[in-house]
Amino acid sequence: MQRDTPLFTEEVLQKHVKFLKRHLLLLPASHQSTDVNLMAVVFYAFESLAALGQDIATDYQSNLKWMRSNYVSQKVTDEELSGFIGGPTMNIPDTITLSLPNTLFGLLTLVLMRDMEFFDKVLNKKTLGKFVSRCQLKENGAFVSVLDYKLGKASIIDSHDLRFCYIAVAILYTIGCRTEDDFKEYIDVDSLVEFILSQRSAFGGFGAFGEAHAGYTSCALSALKLLNKLDELSSLEKEKTLQWLIDRQVTREGCWEKQDISNEYYNEDDHGGFQGRENKSADTCYAFWCVNSISILYPNLKTMLQTEPVKDHLLNRTQNTLTGGFSKCYKEDADLYHTCLGIAALKLMEGSFNGALCIPTHAAKEFDL
Amino acid sequence: MFDIEDYKDVEPLPLTQDVTNEEELCRIMYCDEYKQVMALMRRMISKDELSVRALRLNSRAIELSPAFYTAWNYRFRIIEHLLKEETQLQGEGHDASYMLNKELDWLDEFTLNNPKNYQIWSYRQALLTQLYPHATFSREHPIMDLMLDDDSKNYHVWSYRKWCCAHFKTYGQEMAFTERFIKRDVYNNSAWSYRFSMLKHSDVDLDQELQFVLDKIEYVPQNISTWNYLGGLLQMMGTSDKLVEQLLQFSKKYIDESAFAYEFYARMSKLSGTANGKDVAQMYSHIADIDPIRDQWWNRKSLQADQGK
Ligand SMILES: [Zn+2]
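Protein chains in written order, with full-length UniProt numbering: chain A, 1 to 369; chain B, 1 to 309.
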């Protein structure tokens, strides 16, 4: 087999590693707003480091106990629930602060840390599943991300959308659900699938008010894939969704040259990258959301999509080889979220990444995911 | 106003983080105010104190940490409780709208300062559905207008507007509303998508709507939003021979400058029967030339057409 040239020189690789590790150490007060969602920060950094080939399990062995301490059990009337809280600040007596996104981030972080013992001995699948179950809305099958902190019912002030639907499914998949019956032990699969399909726009992508959005589309397709329900979409519908996704690749070539300055979001530097919606600028994170979505519908990615221009856009436009990390778009500062998804997109195109769970393939395989 | 002196009797529940402990990840060097406000609020949430001073503290906490999900939940419970108290005090039937308006004022201000936060919109929905039966759509207009002036494609605001229409059962202004944004920027896909989702609620004449979108395509042919809209409209109107012929001639004018026009032209050619599978296959091959980044996609379409799919 022919080996591709590596994505990063050793020098640039080290810059990325340094950039990522910095987010795990001492942070200035400007990071205070992430205090209540620390699991997200840890996951973004670990996922990126693991994808870059760093040995998380060894390097961060001493942090394992702290990581596990964010997995908590909380009692609602007579029922025991468990899951992850956003961080130590969210540990408040007599208050239910479990969070769906932080639970997925926490679980996947422990997968990246190869903490088999947690999954075998510490994790209570039943009570965690019950927490997920309580986040599902009876009226439409969708999910919210938190429970009312006193009543333990799905929070009425939270939004319910495709993100949380995906997260709920990914959590259940991670704790071992595979068959429809496995999922049905905790959630109403039929109404969930119905909700997901109701979010499909007339133009092929998925979204909230009829406007398709690549992030939501990735959530919808990933959830359907993990539920083994992709065939709820007809082949004609799949084809239309695929075209919507393929159309999100931004270009300056061919007839696009004629696109004039009248579109303020059109930018020559975006060539090869992906936008999240029609007529928007290219943005690093959408390279991941779109490429992941395309690969779910059409695994033979390279015969469907020109991956070289995507790579080129990420490496030469949004990668910051000085500070390390990736930015949202050309000439902006790198940030953790776009670094995570930029690297994920590159690895996905290389074929070494599990897009539906957003972790490297080798890490997923080790845990039979 | 928020004054720390009001909380002297509250025993703080301090943040547990230890900056010197290297076992902890992401040790944030909190500012003093953050530590103080969070320590008080953690205690008050834990005790579920639903009071005016709790609301003041909560405002400060949310300003410091807009993503603090439990704080929004706490805020809602406080408002709900104060409202109940007020109504009991004034007697049944008493209108406590002024209190809710004050809350919406605070939320407006917060929204303007935190345009990317998404919790504000679902919090707002909860206020209107659970606590505020006298709310009006017009009270909601200014904040949406301000937010869209700032970012005309703000996803949350467009979503919220659609929710408002359903909540207040009012759809009368929506076509005119989107037209304002389309006039300003014909590429605004949010406005076009929103308009499409509103079509079924409006009494607009579809022939007139067709002319509307054709004019916009004429203005800039290489614009995916308008071609999408035209495609959707065609599906609603049905593909009569006359209409297909009209759109065939229309799209043909732009095939040299727009891949979308060409694709539409190929579809109309097939529908009208003026082109067979081989002809359509050739058209798709040509689109691969004018849209080279998607050449694999167009070649696939070409092959499908050739095979009569
Ligand atoms: Zn982004």
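Hint data in this document are derived by calculation from the structure and do not stem from the laboratory. These numbers were taken from a predicted model, which means no experiment stands behind them. Where is the CB? At the ideal position from N, CA and C, for every residue including glycine. Each hint should be verified, as a subset may be incorrect.
[What the hints assert, rightly or not] No farther apart than 25 Å at their CA atoms in a straight line, the calculated lysine-lysine pairs in the DSS-like style are these: (1) B:K35 with A:K153; (2) A:K240 with B:K35; (3) A:K240 with B:K278; (4) B:K253 with B:K242; (5) B:K309 with A:K153; (6) B:K242 with A:K150; (7) B:K242 with A:K328; (8) B:K278 with A:K138; (9) B:K47 with A:K240; (10) A:K150 with B:K47; (11) B:K242 with B:K200.
[Said to hold, decoys possible] Here are a few chain B residues that face chain A, going by a calculated C-beta distance under 7 Å: (12) F137; (13) S138; (14) R267; (15) S269.
Query - Hints breached by this structure - result: Result: hints 1, 2, 5, 6, 7, 8, 9, 12, 13, 14 and 15 break, sorted rising.
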